[in-house]
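We have chain A; now place chain B onto it with these hints.
This is what each chain is made of:
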Amino acid sequence: ELKVEQNPLFLSMQEGKNYTIYCNYSTTSDRLYWYRQDPGKSLESLFVLLSNGAVKQEGRLMASLDTKARLSTLHITAAVHDLSATYFCAVPGYNNNDMRFGAGTRLTVKP
Amino acid sequence: DGGITQSPKYLFRKEGQNVTLSCEQNLNHDAMYWYRQDPGQGLRLIYYSQIVNDFQKGDIAEGYSVSREKKESFPLTVTSAQKNPTAFYLCASSWLEGAEQFFGPGTRLTVL
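In order, the protein sequence lines correspond to chains A and B. Just so you know, we're using the working numbering here: the first sequence kicks off at 37 and counts up by one. Just so you know, we're using the working numbering here: the second sequence kicks off at 43 and counts up by one.
So that you can see chain A by itself, here it is in the shape it has in the complex (with noise of 0.2 Å):
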């Protein structure tokens, strides 16, 4: 079975600080997505990562995937209170049949 792990389930951090979130899955997968998740929302797209050694930015957001490790990282930096969420990763099923997610990791971004 497919699981996707992502550490740490919580994290809080100061404004201006910096910080990795990661995401380990078990089965090769040349592809994984990064959602976010405000409280009471549904989620938003955050990242798309197509291939091994795939790099993507967004403000002060950046994704990465090595496939080969079986690992993505959601690097902050210079956290704001606005990055505040819960941050999932997803990888593809057997077959591609189906998404598994990650547990999330809750963001608190304190002044």
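Everything labelled a hint here was simulated from the structure, so no lab data went into it. Even glycine gets a Cβ: it sits at the ideal position worked out from N, Cα and C. Hints may contain errors.
[What the hints assert, rightly or not] With a cut-off of at most 25 Å between alpha-carbon atoms, the simulated DSS-like pairs for lysine-lysine come out as follows: (1) A/K146 with A/K39; (2) A/K146 with A/K77; (3) A/K77 with B/K51; (4) B/K99 with B/K125; (5) B/K99 with A/K39; (6) A/K53 with A/K146.
[What the hints assert, rightly or not] Facing chain A, according to a computed beta carbon distance under 8 Å, are these residues of chain B, among others: (7) L85; (8) Y90; (9) G100; (10) L132; (11) W137; (12) E139; (13) G140; (14) E142; (15) G146; (16) P147; (17) G148.
Then chain B, alone, in the frame of chain A:
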């Protein structure tokens, strides 16, 4: 505007009652999905459909049923057999299986 709509936004169910959650998309996507999210938890797959008139069970299908009579629509029925249905329900679609999924705004179901 293309997107996914879900209705209602809030739904209250009495014990023993079946309720149906609506999900419609105008993105011309082939694949559609239903997820359940409990407070502070991740997403769990209920059902998915890759094509009209075909659907597969996900990890927690018991107590739920779906239909896919039209490409644009994938309604979810929460039956009385689902003993703990209070949760946030999310519908998603993608242009093919394994591709990026786009989510609707969700339906929050509460059992009274």
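Numbers of unmet hints, in rising order: Numbers 1, 11, in rising order.
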